[in-house]
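So the chains spell out like this:
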Amino acid sequence: GDSVTQMEGPVTLSEEAFLTINCTYTATGYPSLFWYVQYPGEGLQLLLKATKADDKGSNKGFEATYRKETTSFHLEKGSVQVSDSAVYFCALPYNFNKFYFGSGTKLNVKP
Amino acid sequence: EAQVTQNPRYLITVTGKKLTVTCSQNMNHEYMSWYRQDPGLGLRQIYYSMNVEVTDKGDVPEGYKVSRKEKRNFPLILESPSPNQTSLYFCASSGSAYEKLFFGSGTQLSVL
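If you read the sequences in order, they're chains A and B.
Per the numbering used here, the very first residue in the first sequence carries number 163; after that it's consecutive.
Per the numbering used here, the very first residue in the second sequence carries number 6; after that it's consecutive.
These are computed hints drawn from the structure, not numbers from a lab.
Keep in mind that a hint or two might mislead.
For lysine-lysine, the following BS3-like pairs were computed, each having C-alpha atoms within a straight-line distance of at most 25 Å [stated by the list, open to error]:
| no. | chain 1 | residue 1 | chain 2 | residue 2 |
| --- | --- | --- | --- | --- |
| 1 | A | Lys222 | A | Lys239 |
| 2 | B | Lys22 | A | Lys260 |
| 3 | B | Lys62 | B | Lys76 |
| 4 | A | Lys211 | A | Lys268 |
| 5 | A | Lys260 | B | Lys76 |
| 6 | A | Lys218 | A | Lys239 |
| 7 | B | Lys105 | A | Lys214 |
| 8 | A | Lys268 | B | Lys105 |
| 9 | B | Lys70 | B | Lys23 |
| 10 | B | Lys105 | A | Lys230 |
| 11 | A | Lys214 | A | Lys239 |
| 12 | A | Lys239 | B | Lys74 |
| 13 | B | Lys105 | A | Lys222 |
| 14 | A | Lys260 | B | Lys105 |
| 15 | B | Lys62 | A | Lys260 |
| 16 | B | Lys70 | B | Lys22 |
| 17 | B | Lys23 | B | Lys76 |
| 18 | B | Lys70 | A | Lys260 |
| 19 | B | Lys105 | A | Lys211 |
| 20 | A | Lys218 | B | Lys70 |
Under 8 Å between C-beta atoms, here's a sample of chain B residues computed to sit facing chain A [unchecked claim]:
| no. | residue |
| --- | --- |
| 21 | Met55 |
| 22 | Gly63 |
| 23 | Gly109 |
Estimated spans, in silico, between C-beta atoms of each pair [what the hints assert, rightly or not]:
| no. | chain 1 | residue 1 | chain 2 | residue 2 | range |
| --- | --- | --- | --- | --- | --- |
| 24 | A | Asn257 | B | Asn78 | 22 to 32 Å |
| 25 | A | Thr213 | B | Gly21 | 28 to 38 Å |
| 26 | A | Ser241 | B | Glu75 | 43 to 53 Å |
| 27 | A | Val244 | B | Pro13 | 28 to 38 Å |
| 28 | A | Gly171 | B | Ser87 | 23 to 33 Å |
| 29 | A | Glu177 | B | Lys70 | 38 to 48 Å |
Note that the coordinates shown come from a computational prediction; the quantities given were computed from them, not determined experimentally.
The beta carbon of each residue, even a glycine, is placed where N, CA and C say it ideally should be.
Can you build the whole structure from these sequences, using the hints too?
This is the structure in structure tokens:
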């Protein structure tokens with residue numbers, strides 16, 4: 163069945179470092195793919211999405227490219243800030259309003 | 006402001022004492038759902054609703070009930086809570102299938 167697999171955390175980086183959080187998916191068909199972010203004490207909010215193969219989603223300096231050949235949707239940012247410290251979730255929708263979420267990757271950015 | 010409102014934010018209760026977590030959205034969304042978040046497991050869907058009076062089980066529905074009598078409200082009911090239901094709960098809504106979810110701020114439930 164459909165699923166997403168996300169790299170385990172936590173990930174600890176220094177400010178201005180390059181970030182990659184890996185996400186791979188298994189899906190029948192070609193669903194949209196999403197990254198959500200959860201800041202401490204808050205609910206999840208959409209960070210970016212891509213609707214079809216080779217699409218690139220971007221927001222707040224984060225990017226992710228929907229790659230069909232490697233079934234991946236890795237999240238990247240060229241220069242992280244302390245304010246990026248949060249938990250990041252990869253997500254795959256299926257069956258109308260049901261989503262599979264990855265297990266979440268906690269990012270800690272140190273000044 | 007578009008939002009999903011959950012209450013309460015924190016709840017401590019004892020085994021077997023019925024409780025309700027409320028969820029309301031002001032965006033006229035058709036789709037609403039409940040998730041629980043547990044360490045290492047990500048978010049798992051409990052129940053979802055595609056419209057008024059239309060609900061269906063998610064991946065972990067055991068021990069939970071929901072109702073959707075009005076479009077804006079989707080309460081989660083635990084009729085006889087048990088300690089394994091201690092978790093962080095999120096309500097979410099969306100305006101169409103397969104699209105962006107709007108989440109509430111969460112309810113941290115502890116069942117002693």
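Hints violated by the structure (listed by number, smallest first): Hint check: 2, 12, 20, 25 fail, others pass.
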